[in-house]
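Kindly produce the complete structure, drawing on both the sequences and the hints.
These are the residues of each chain, in order.
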Amino acid sequence: MYEIPVLTITLIVPLLGAMIIMCLPAGQHKGIKWTAAFATLISLLLSIFIFLTYDRALGGMQFVETIPWIRDLGVNYALGVDGISIPLLLLTNLIGFSSIYASWNLRERVREFFALLLILIAGVMGTFITTDLFIFFLFYEVVVIPIYLMVIMFGSTKRVSKEYAGMKLTIYLLIGSAFLLTALIALFVQARAISGIASMDMAFLATLNYGVEFQILVYAFMAFGFGTLLSMFPFHAWSPDGYAGAPTAVSMIHAGVLKKIGGYGLIRIALTILPAGAAVVAPIIAVLALGNIIYAAYICLSQKDLKYIVGYSSVSHMGYVLVGIAALNLISINGAVIMMFAHGVMAALFFAMIGNLYEKSHTRNIEDFGGLAHQMPKLTAGFMIAGLASLGLPGMVNFIGEFTIFVGAFGTYRVITILAISGIVFTALYVLRALGRMLFGPRNEKWDHLQDLKGVEMVPLLVLGLAIFIGGFLPFTLMDLINNGVGEMLAQIGPLQIGGWW
Amino acid sequence: MDFSILAAEILLALLGLAVLVLGLALPGKAQKYVNGLALVGMVLILLYLILNFSREASLFNGVYQIDVYGNYFKLLFLMAGLLVMLMAAQYISRFKEKSSEFYALMIFATLGMMLMVAAGEFITLYVGLELMTISFYILTAYLKSDKLSGEAGLKYLILGATSSAILLFGISLLYASLGSTNFIEIGASFSSSAAVIAGVVMIIAGFAFKISVVPFHMWTPDIYQGAPIPITTYLSVASKAAGFAALLRVFMLAVDPNAVFNWGLLLAVLAAITIVVGNLIALSQRDIKRLLAYSSIAQAGYILVGATAANSYGLKGVLFYAMIYVFANVGAFAVATAVEVDTGRTDIEAFAGLSKRSPLMAAIMTICMLSLAGIPPMAGFAGKFYLFAGAIEAGYLWLALLGLVMSMVSVYYYLGVSKAMYIGENTDQAPLSLGWGSTAALWVCLLATVILGVYPGPLSELAGYAIKIFI
Numbered sequence: 001m002y003e004i005p006v007l008t009i010t011l012i013v014p015l016l017g018a019m020i021i022m023c024l025p026a027g028q029h030k031g032i033k034w035t036a037a038f039a040t041l042i043s044l045l046l047s048i049f050i051f052l053t054y055d056r057a058l059g060g061m062q063f064v065e066t067i068p069w070i071r072d073l074g075v076n077y078a079l080g081v082d083g084i085s086i087p088l089l090l091l092t093n094l095i096g097f098s099s100i101y102a103s104w105n106l107r108e109r110v111r112e113f114f115a116l117l118l119i120l121i122a123g124v125m126g127t128f129i130t131t132d133l134f135i136f137f138l139f140y141e142v143v144v145i146p147i148y149l150m151v152i153m154f155g156s157t158k159r160v161s162k163e164y165a166g167m168k169l170t171i172y173l174l175i176g177s178a179f180l181l182t183a184l185i186a187l188f189v190q191a192r193a194i195s196g197i198a199s200m201d202m203a204f205l206a207t208l209n210y211g212v213e214f215q216i217l218v219y220a221f222m223a224f225g226f227g228t229l230l231s232m233f234p235f236h237a238w239s240p241d242g243y244a245g246a247p248t249a250v251s252m253i254h255a256g257v258l259k260k261i262g263g264y265g266l267i268r269i270a271l272t273i274l275p276a277g278a279a280v281v282a283p284i285i286a287v288l289a290l291g292n293i294i295y296a297a298y299i300c301l302s303q304k305d306l307k308y309i310v311g312y313s314s315v316s317h318m319g320y321v322l323v324g325i326a327a328l329n330l331i332s333i334n335g336a337v338i339m340m341f342a343h344g345v346m347a348a349l350f351f352a353m354i355g356n357l358y359e360k361s362h363t364r365n366i367e368d369f370g371g372l373a374h375q376m377p378k379l380t381a382g383f384m385i386a387g388l389a390s391l392g393l394p395g396m397v398n399f400i401g402e403f404t405i406f407v408g409a410f411g412t413y414r415v416i417t418i419l420a421i422s423g424i425v426f427t428a429l430y431v432l433r434a435l436g437r438m439l440f441g442p443r444n445e446k447w448d449h450l451q452d453l454k455g456v457e458m459v460p461l462l463v464l465g466l467a468i469f470i471g472g473f474l475p476f477t478l479m480d481l482i483n484n485g486v487g488e489m490l491a492q493i494g495p496l497q498i499g500g501w502w
Numbered sequence: 503m504d505f506s507i508l509a510a511e512i513l514l515a516l517l518g519l520a521v522l523v524l525g526l527a528l529p530g531k532a533q534k535y536v537n538g539l540a541l542v543g544m545v546l547i548l549l550y551l552i553l554n555f556s557r558e559a560s561l562f563n564g565v566y567q568i569d570v571y572g573n574y575f576k577l578l579f580l581m582a583g584l585l586v587m588l589m590a591a592q593y594i595s596r597f598k599e600k601s602s603e604f605y606a607l608m609i610f611a612t613l614g615m616m617l618m619v620a621a622g623e624f625i626t627l628y629v630g631l632e633l634m635t636i637s638f639y640i641l642t643a644y645l646k647s648d649k650l651s652g653e654a655g656l657k658y659l660i661l662g663a664t665s666s667a668i669l670l671f672g673i674s675l676l677y678a679s680l681g682s683t684n685f686i687e688i689g690a691s692f693s694s695s696a697a698v699i700a701g702v703v704m705i706i707a708g709f710a711f712k713i714s715v716v717p718f719h720m721w722t723p724d725i726y727q728g729a730p731i732p733i734t735t736y737l738s739v740a741s742k743a744a745g746f747a748a749l750l751r752v753f754m755l756a757v758d759p760n761a762v763f764n765w766g767l768l769l770a771v772l773a774a775i776t777i778v779v780g781n782l783i784a785l786s787q788r789d790i791k792r793l794l795a796y797s798s799i800a801q802a803g804y805i806l807v808g809a810t811a812a813n814s815y816g817l818k819g820v821l822f823y824a825m826i827y828v829f830a831n832v833g834a835f836a837v838a839t840a841v842e843v844d845t846g847r848t849d850i851e852a853f854a855g856l857s858k859r860s861p862l863m864a865a866i867m868t869i870c871m872l873s874l875a876g877i878p879p880m881a882g883f884a885g886k887f888y889l890f891a892g893a894i895e896a897g898y899l900w901l902a903l904l905g906l907v908m909s910m911v912s913v914y915y916y917l918g919v920s921k922a923m924y925i926g927e928n929t930d931q932a933p934l935s936l937g938w939g940s941t942a943a944l945w946v947c948l949l950a951t952v953i954l955g956v957y958p959g960p961l962s963e964l965a966g967y968a969i970k971i972f973i
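Those protein sequence lines, which keep their order, are chains X and Z.
For the first sequence, this note's numbering assigns the number 1 to the initial residue and increments by one for each residue that follows.
For the second sequence, this note's numbering assigns the number 503 to the initial residue and increments by one for each residue that follows.
FYI, nobody ran anything at the bench for these hints, they're computed from the structure.
If a hint is listed, it holds; no wrong ones were tucked in.
Think about it this way: if two alpha-carbon atoms lie no more than 35 Å apart in a straight line, the pair counts; the simulated DSBU-like pairs of lysine-lysine are: (1) X:Lys-304 - Z:Lys-921; (2) X:Lys-360 - Z:Lys-858; (3) Z:Lys-534 - Z:Lys-858; (4) X:Lys-168 - Z:Lys-858; (5) Z:Lys-921 - X:Lys-360.
Sample of chain Z residues lacking proximity to chain X, with all beta carbon distances greater than 12 Å (derived): (6) Tyr-639; (7) Ser-691; (8) Ala-697; (9) Val-703; (10) Arg-792.
Non-contacting residues of chain Z with respect to chain X, defined by C-beta distances greater than 12 Å in every case (computed): (11) Leu-561; (12) Tyr-566; (13) Ser-694; (14) Met-720; (15) Asn-764; (16) Arg-788; (17) Asp-789; (18) Asn-928; (19) Gln-931; (20) Ala-932.
No residue lacks a Cβ here, since even glycine has one placed at the ideal position from N, Cα and C.
Set out below in structure tokens:
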């Protein structure tokens, strides 16, 4: 039967948009922005379509497409989605779509900006929907360079210069990816030695039996590569600086989805293919995750720049995801996946609001503000939704994520989970302190000229806010799907044993 | 005998002679027709070679081999030569002197390379090597009024002659011990006596000089900086590829891998040092020619990784990488040439604001540099994948990790140029003009780098076909 390649279309529309934008005259700002908005809208609608029509009863990889690509390496252009990748695909497009509107007021070098942004969105999307290791890595690295160019061209210089921030972010991620690529090649070579078949298919690679020592080594390499991307302590230093230097849309995509490639890779690739390695290395990851949760939250308490607060807070939240992944059971990994989704929409909303405020006030220092709720009620609502989601208020999707992770992880790591839960207190402290200082209190006349959100500026707030509440009140919409995907994966790799007092 | 088997070489020699004689005989105004003849001639020979690509023959008792492996590299040289000639047109036209000598010498250098890769024994290889190198000595010193160029020519002559002597000494040691200069005969009677080991080490040293492997790289930056940019380009892509092609043939056929001495480890260590030194020194370069010189040292290190592995992926990687390196490097140098022609400068600040003056050139420079750094979806990534997959398969995991980490470090200096182009401010806002030759060369490089990166299948299959003679 002839089928419409839905995933390919979802993937290619932003790229086509980028091409059209490059052909438009540089001064044609309206046309460029609407092209970008239209392209991301199509991708968003298609990913909602995939989300809704994915056959949950059937499970497994669906919407599969396979085209042979490089024969001697066994590379296929292979796409497919399951319960783990669909939430992240949806997340990418929610944020991608919103990020276009968050950049609506851009006036300089508009053409370059939107073309690079669309390439970036397509690249991130590609990593979540491919089932081929080679193609995964290809997409993963494709995104690094547009980000660098966007940071140095459109970023802002505050505490560190944007050139520094951009380069720091790029080099950190690339060094991580060097380890990752070494691991992938080693895996490929080993699989070929065992089975005699050259293949980059993730599902195939997961069926083979590798030696335990090999698994530990390769898993450790991957944990370093993906961990750097996920800003795992102590390789997180690029993240706050990078977000502070980056333009709004890049911060949104980077904090919102790009980081999640790290978590996704740890689950989909590292854990699925190398379960024995995972069982050995996971406790180390869990301990490092505590560094994320507590150390980064502590730093947040002393930050004054809004972007640094959200930057460090995202480092801290990634700690929960890491704990969930490291606990290696169905509930905790479910929690990790939903937490990635939750943190994505929350961080993107936060950055969109910060970007909007900064554009108008030219400052991000919380001490410069006060009583903003008087002048900007809608912006305040956006900040509050993001802030309360961030501290895990029930009713928001983030609560579902954190709760599930803790429930799942407690069985595996008692001490670590108890310490991790204490991180919530810090989160509440810094979020409430920052928001209270900025938004409430007596009216500050200095900011009377600021205009509240209006017109298309509302799009990120509506789209992302809605996602937070739907996920929070109707968690089963996501949870069933994720549970399906993770359950199948764990059934395939069999039981895992983690011992010790952790 | 059937001379049509050697037609490509014979025609190229005739073309070189014709260009040389006509250039001297015709008045200055007719020069451009002579240059056009050189270009058209190269295109026709290239087409002839493509049509006869899979032809195989062994001439003069194995002295000269026509095979797919050789043809692959001949294709590479002709293509590189053609691209360099295209991009050189604008650069050369600035000189009042007769420019046809330039083209004639380039053709002779190409001929030398073609002899080198097809040689089945050491003396023929040496003759080809010398034909190539002597042409390059002259070309390097081609800017008669430029002190740097003259200095570079002299340096290259002295160091090149020394390295040739070492190579020749190595060859004579092998001949004295094993009684033959033919690769296959040497391979059949290979032993691990002291003289043979010394001979092979000297041969490695001789080749290492040509492909600028550390610690035999000292000449590279000075000569790349002093030589006219098109010649620097040609040196970096074609002369290096010729060195690798010949080295592989010698190693795969003549040197017995099961001998007592661990040749693989020796090459692996050389490759590691080359990658580290080339990349680290490149980090601090402020001149585009020196930067690309150190980058080309590092690139030689990556290619050597594939030669070290000496298995199917590794060898395929060498051939694949050598080919895509042509496009990436010629692209980068072509932009550098255009900037030098316009500003007269070669420091990185001269690139400031290029993204506004010529968005196409800035984009091509960035893409070519990223390909050199091995960032997907550029062709360099696929190339590195093959090279390092070969290395890991051969058991050199550490070498692969080192190479990949260093290639990520190299992004720092490659992106430094992009940074200047995209956010540097320049008082001169006038659009940068390009001749049709450079434009054509740039587009070929751009398309090849991107298409071969996204869809490397066909080229890798061709490379796999070419290494059949070894495996």
